[in-house]
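**Student:** Protein chains in written order, with the numbering used here: chain A, 1164 to 1469; chain B, 123 to 495; chain C, 30 to 539.
Calculated from the structure, these hints are not laboratory results.
Idealized CB from N, CA, C, for every residue including glycine.
Any given hint could turn out to be false.
[Said to hold, decoys possible] Covered stretches of chain B (chain A as the covering partner; in silico rule of three or more C-beta atoms under 8 Å from a C-beta of chain A):
hint, stretch
1, 163-175
2, 283-295
3, 423-432
[To be verified] Simulated crosslink set (DMTMM-like; lysine to aspartate or glutamate; CA at most 25 Å straight-line):
hint, chain 1, residue 1, chain 2, residue 2
4, A, Lys1463, B, Glu173
5, B, Lys365, C, Asp419
6, C, Lys423, C, Glu406
7, A, Lys1463, C, Asp291
8, C, Lys202, C, Glu169
9, C, Lys289, C, Asp120
10, B, Lys161, B, Glu173
11, A, Lys1463, C, Glu290
12, C, Lys241, C, Glu213
13, A, Lys1463, A, Glu1337
14, B, Lys444, A, Glu1378
15, A, Lys1463, B, Asp261
16, B, Lys161, A, Glu1378
17, C, Lys423, C, Asp390
18, C, Lys209, C, Glu59
19, C, Lys134, A, Glu1337
20, B, Lys365, C, Asp331
21, B, Lys365, C, Glu169
22, A, Lys1463, C, Glu330
23, C, Lys46, A, Glu1337
24, B, Lys365, C, Asp155
25, C, Lys305, C, Asp485
26, C, Lys289, B, Asp261
27, A, Lys1463, C, Glu365
28, B, Lys134, C, Glu399
29, C, Lys353, B, Asp261
30, C, Lys209, C, Glu406
31, C, Lys444, C, Asp291
32, B, Lys365, C, Asp291
33, C, Lys46, B, Asp261
34, B, Lys365, C, Glu387
35, C, Lys423, A, Glu1378
36, C, Lys241, B, Asp261
37, A, Lys1463, C, Glu387
38, B, Lys365, C, Glu56
39, A, Lys1463, C, Asp120
40, B, Lys134, C, Asp419
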Amino acid sequence: MDSFALLLAATLNSGTVLAFAALGLLINERAGIVNLGAEGIMLVAAVAGYATAVHTGSDTLAFAGGAAAGALLAAAFGVLVIWLNTNQYATGLALSLFGVGFSAFVGIGYTQAKLGERPNFAVPYLSDIPFVGPAFFRQHPMVYLAIALTAALAWFLYRSRAGLVLRAVGESPESAHALGYPVRRIRLFAVMVGGALCGISGAYISVVYTPLWVEGMVAGKGWIALALTTFATWRPARVLLGAYLFGGVTMLQFALQGEGVQIASQFLTMMPYLATILVLVLISRNATFIRVNMPASIGKPFFPGS
Amino acid sequence: MLKLEARPEQSKLMSVMSPVLALAITVVIGTILFMLLGKDPMRGLYVFFVEPLKSVYALTELAMKATPLILIALGLAVCFRSNVWNIGAEGQFVVGAIAAAGVAMQAGPDTGRWIVVPVLVAGVLGGMVWSGIVAFLRDRFNANEILVSLMLVYVADQVLGYLVYGPWKDPAGFNFPQTITFLKSTAVPKLFTGFRVNIGVILALLAVGGFWVLLFRTYAGFQLQVGGLAPAAARYAGFSSRKALWTALLLSGGMAGLAGALEVAGPLGQLTPYVPAGYGFAAIIVAYVGRLHPVGIIFSAILMSMFYIGGELAQSRLGLPKSLTGVFQGLLLFTLLACDTLIVYRIRWQAARPVPPKAMPIPAATLTTGKGA
Amino acid sequence: MLRLELVNISKQYPAVKANDSVNLKVEPGEIHAVLGENGAGKSTMMKMIYGAVRPDEGEIRWNGQAVNIRNPQEARHLGISMVFQHFSLFDTLSAAENVWLGLDKSLSLAEVTQRMMKVEKEYGLDVEPLRPVHTLSVGERQRVEIVRALMTNPKCLILDEPTSVLTPQAVDKLFVTLRKLAAEGTSILYISHKLDEIRALCTNCTVLRGGKVTGTVDPRTETNAGLSRLMIGAEPPQLQHKQAKLGAVVLDVRGLSLPKEDHFGMNLTDIRLQVKAGEIVGIAGVSGNGQQELMAAMSGEDTRSPPDSIHLFGKDISNHSPRKRRKEGLHFVPEERLGRGAVPTLSLAANTLLTRTEAVDRSGWVRTAEVTKLAQELIRRFNVKAGGPDAAAKSLSGGNLQKFIVGREIHANPKLLIVSQPTWGVDVGAAAQIRGELLALRDQGCALLVVSEELDELFEICDRLVVIAQGRVSPSVATSAATIEMIGEWMSGLWDKSARQNEESLHAQA
């Protein structure tokens, strides 16, 4: 029972990484922009966050640093894609490739640096409840922030006028432009917020999840987050659930190894990636379902004044 | 202020100049980077752009590095032109290497040189199988090929790890994760004695010719391109998008697999966890910088090889980290995409016009009565 | 005092001067037509009034004061509101949400919904506010656009080609609404190229040609010929009509039923249609009633047609691909030129390869010299103004590209030519040439099927007419026996009534 509680706790922890990134990508895609640079952004943010934590000793500043790095890279991407109308997929890829190299480059000085003693977080009283306590209430505050963020985003998208405008822009930027909305500025804002959230996710990986810096430590989570937004048909609550699901699958490999299951470790490591493929296959089968739920302008260039 | 204005026709000049401009910008940024790192920028540029060309040996090394890049990029060019986004060439490269290694390890002491052919063919088939999975999942289930092909890269890496740490580990290898060194009979024939360069270079050049003919002189190539440029027109014309999908993926998977086979049966001579060298991703950049054109790809592959070799030299001579290569490569693609806008747009200076005051709303009284002026 | 005035307004684009010292005077309560053919500069002028585009020279005056309208929101503040030709609606949102987005922030969604229903009642524009827009018909969508515009209390309402999506009866209803608005003091700018409508509705008319104003007249006192002269510099061209010489049945559609492929599409139900050699059959109908789906089934872009439903010369071609259909003699001109009929960035020569494969060997090798020659031949024979066979398709004007595409299919010597919207967005000269080519093809014994939203065009070139409504096709009627009113009724699906009436009168005569 104890180990199951720990498994749940680990799932929440792992899922939070994906949640922040996927929610950020959701905001992007709701505006009609798909950012394949998520992996690169997360890597650079991870090293930025780690470096900030090493130099300042503050987790909060580390997250701020990661968010800033993410927003900055996303802004560069956004300018290219929104004002110069470069191909979204190619530009995102370029960003990812750049991020892989740049993070490795900058991170060289930090592979040996260690963060200070990691504090143990626990919600008072609630964390002492048997089973539920260790499972849910001994998490880093960011875990709870992710849940709050999901709720806030859902409210924003479906209950606020600003959210309606965002959805309208993603549905038809031409119509929104004709009505006088500053489509390009809205999209840039969405891209930067999305980048900041991906950055927070990256910083979380290097500062909380596995507190160290190693080249390529994001290990594909940026790509999984992209798949997650599609899997969740662009709805915040489903994104969060999906993130926890994937977190669970990732943690399962450690649990299985712990139980002494006789499978080569590489097959366990493969699990999240195979799960992603499976999930994509399941959700994409019904093409009509996807088309009805997908923001219609994703990936397409927008030319005002045409 | 600067303003972007659409050109009536795409600028052919900029089509060719854009990669050059992008390179120039990357070099400038590189120079700044060198200076920030406290290194002499001239020395840095020398190491990257002159050293790799200095001797015959250096040139053959350049050709060796460029070969897999050319092969993979040719396949990717077909893919990207058809709007099929195969990002997983790296995984197809690895699986091709695995398949080739599997065949190479069957060679006995009496096997003749002919075994090189099945080794290479196995590589092609291995790559095709791996990319075929992507095609199947997209064809049957509409699953996004970007994410599927990418996930398969991670899976391929794990499969490789499993093999070299497990069943294929060399029993006499001191427990290092590596297979046996392949017998000399399986080695890809070299071109000249004394140099490492092998017939892979010839294969690459032949492939360039073949792909040029495919893209620009065959109806199949035309169909692929229309499918990428205007899917509705392709449907109108009756071109099968399924055929295009499978052709593009199998072709690029095969090319990546061939590159993998050449690496493993050539300079490496065995399978190790370091087989994935990032060529599959670098080839994406090579394809783009080469304008998705077979001849352009030769030039961009040489350029990227210079980045690779320069990076290694910079590490040994200047103490700069090898990851600098990755930074430059990513930066090159980024700047290229930005410069490509100049093909379709012009930059114009527009003098700021004197702006009259904001439009005055009608006084409230008239609005509420709603009648008359 | 004038409500709206444009004084010497000019706008230059890289390749063309869209508006050249244009003047416009609109009185309060006036219904003012802006007449011009495609490409004359009407939409540029409207974009400047509406705030989407800034003029290079000249002044815009509102109620006598010079104003600088920087964006559509400022235009709305002034009281200028626009109903677009291609709707600016968001399909997945409800009608009320769409209206809400078109207004400025002050009201809540609930308040907007309430006010919407009031406005609808007042002007006879019923639409359910809570329905998602993609479930609405095209006419209903236009009503949402109009309601959205009306809720800003416009002092000047601009309507851009509003009747292309309406049946003749719906057009009359719209005119009633517009006259009511004008009587209340709202100025209306009515952009159109339909002479009859302008003469029926408008009290003033500014005519544009090639970016310049060629005249400002009262359309009530003008004839179609007079307006036409101002619009294109000449009388509308007359076409030669020979008696149809009918041959065998070429196309026989027998009970074609096809479920929609797309969530937003229309089902086709029991379509029956025949076209003989030597005649032109026209399909009339308001857009969005299944034309696209029917065309895709005819051309082979949709191969799901049930077996035995489509016959060409008696042969079942229901599941043939477009290439196979072309081999049998069926050629098709789609309504979208750029992106479907031609690839925009490829040359004219390359674009011939889409449907003409005479220069392709069995092995797949393309004889590029021959391809270029074909393009040159098409350019010459069909009078296409282009930079040459290597010019990119998108560098041609709409009319010239359409001539090229139609020419490409005519030149292939088809046995059946299907054309969708032959002259949409095409200048009058090119339109006349295209219609002439279609008639010439018919005189040579080809069978033609033409889909068009312009009733005038169909009446001009077709021998027989059918109407498509809600995915069903009416029985056919000879053009000579049809009237606009009757076709208008049929467009609402009411052909059984008329058919029975016709039958009864025939019986009575017998």
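**Student:** Look at each hint and say if it fits the structure.
**Tutor:** Verification of the supplied hints:
Beta-carbon proximity to chain A at under 8 Å applies to 0 residues in the stretch 163-175 of chain B; the threshold of 3 is not reached and the given coverage is violated. Figure legend: the stretch 283-295 of chain B, annotated as covered by chain A; annotation consistent (4 residues with Cβ-Cβ distances under 8 Å, at least 3 required). Judged by the Cβ-Cβ criterion of 8 Å, the stretch 423-432 of chain B is not covered by chain A as claimed, because only 0 of its residues qualify and three are needed. Among the hinted pairs, lysine 1463/A with glutamate 173/B is inconsistent with the structure: their alpha-carbon atoms are about 43 Å apart, more than 25 Å.
This hinted pair does not check out: lysine 365/B and aspartate 419/C have alpha carbons roughly 28 Å apart, beyond 25 Å. Restraint check for lysine 423/C and glutamate 406/C: the C-alpha separation of about 19 Å stays at or below 25 Å, so the hint holds. For the hint pairing lysine 1463/A with aspartate 291/C, the CA-to-CA distance comes to about 19 Å; that is within 25 Å, so the pair holds. The suggested pairing of lysine 202/C with glutamate 169/C holds, with an alpha-carbon distance near 13 Å, which does not exceed 25 Å.
For the hint pairing lysine 289/C with aspartate 120/C, the CA-to-CA distance comes to about 17 Å; that is within 25 Å, so the pair holds. Between lysine 161/B and glutamate 173/B, the direct Cα distance comes to roughly 17 Å. Compliance with the 25 Å bound is thereby established for this hinted pair. Simply put, lysine 1463/A and glutamate 290/C have alpha-carbon atoms about 22 Å apart, close enough for the 25 Å limit, and the pair holds. Note on lysine 241/C and glutamate 213/C: the hinted pairing is violated, with a Cα-Cα distance of about 31 Å set against a maximum of 25 Å.
Under the criterion of a C-alpha separation no larger than 25 Å, the hint pairing lysine 1463/A with glutamate 1337/A is consistent with the structure, at around 11 Å. Between lysine 444/B and glutamate 1378/A the alpha-carbon distance is near 12 Å, which keeps this suggested pair within the 25 Å criterion. Restraint check for lysine 1463/A and aspartate 261/B: satisfied, since their Cα atoms lie roughly 22 Å apart, inside the 25 Å limit. Straight-line distance between C-alpha atoms of lysine 161/B and glutamate 1378/A comes to about 23 Å, which keeps the hinted pair within the 25 Å bound.
For the proposed pair lysine 423/C and aspartate 390/C, the alpha carbon gap of about 28 Å is over 25 Å, so the pair is violated. This hinted pair checks out: lysine 209/C and glutamate 59/C have alpha carbons roughly 11 Å apart, not beyond 25 Å. Proximity of lysine 134/C to glutamate 1337/A is assessed by CA-CA distance (about 20 Å); at most 25 Å being required, the pair is judged to hold. Between lysine 365/B and aspartate 331/C the alpha-carbon distance is near 17 Å, which keeps this suggested pair within the 25 Å criterion.
For the hint linking lysine 365/B to glutamate 169/C, the alpha-carbon distance of about 41 Å lies beyond 25 Å, and the restraint is violated. Between the alpha carbons of lysine 1463/A and glutamate 330/C the distance comes to roughly 23 Å, so the proposed pair stays at or under 25 Å and holds. For the proposed pair lysine 46/C and glutamate 1337/A, the alpha carbon gap of about 24 Å is at most 25 Å, so the pair holds. In summary, the hint linking lysine 365/B to aspartate 155/C is not supported, as the alpha carbons are separated by about 48 Å, beyond the 25 Å threshold.
For the suggested pair lysine 305/C and aspartate 485/C, the alpha carbons sit about 22 Å apart, so the restraint of at most 25 Å is met. At roughly 21 Å between alpha-carbon atoms, lysine 289/C and aspartate 261/B fall within 25 Å of each other, so this suggested pair holds. For the hint linking lysine 1463/A to glutamate 365/C, the alpha-carbon distance of about 18 Å falls within 25 Å, and the restraint holds. At most 25 Å may separate the alpha-carbon atoms for a hinted pair to count; lysine 134/B and glutamate 399/C meet this at roughly 24 Å.
As the CA atoms of lysine 353/C and aspartate 261/B are separated by approximately 23 Å, the hinted pair is consistent with the 25 Å bound. Pair hint lysine 209/C plus glutamate 406/C does not hold up; C-alpha atoms about 55 Å apart against a cutoff of 25 Å. Between lysine 444/C and aspartate 291/C the alpha-carbon distance is near 31 Å, which puts this suggested pair outside the 25 Å criterion. The hinted pair formed by lysine 365/B and aspartate 291/C meets the criterion: a straight-line CA distance of about 22 Å does not exceed 25 Å.
For the given pair, lysine 46/C sits about 48 Å from aspartate 261/B by alpha-carbon distance, which is inconsistent with the 25 Å threshold. In summary, the hint linking lysine 365/B to glutamate 387/C is supported, as the alpha carbons are separated by about 22 Å, within the 25 Å threshold. Taken as a hint, the lysine 423/C and glutamate 1378/A pair is broken in the structure, with Cα atoms around 47 Å apart against an allowance of 25 Å. A distance of roughly 53 Å separates the Cα atoms of lysine 241/C and aspartate 261/B; the hinted pair therefore is violated under the 25 Å criterion.
Between lysine 1463/A and glutamate 387/C the CA atoms are separated by roughly 35 Å; this puts the pair beyond 25 Å, and the hint is violated. In summary, the hint linking lysine 365/B to glutamate 56/C is not supported, as the alpha carbons are separated by about 61 Å, beyond the 25 Å threshold. Between lysine 1463/A and aspartate 120/C the CA atoms are separated by roughly 17 Å; this keeps the pair inside 25 Å, and the hint holds. With a C-alpha separation of about 13 Å, the suggested pair lysine 134/B and aspartate 419/C falls inside the 25 Å cut-off, and the hint holds.
Of the numbered hints listed earlier, those contradicted by the structure are 1, 3, 4, 5, 12, 17, 21, 24, 30, 31, 33, 35, 36, 37 and 38.
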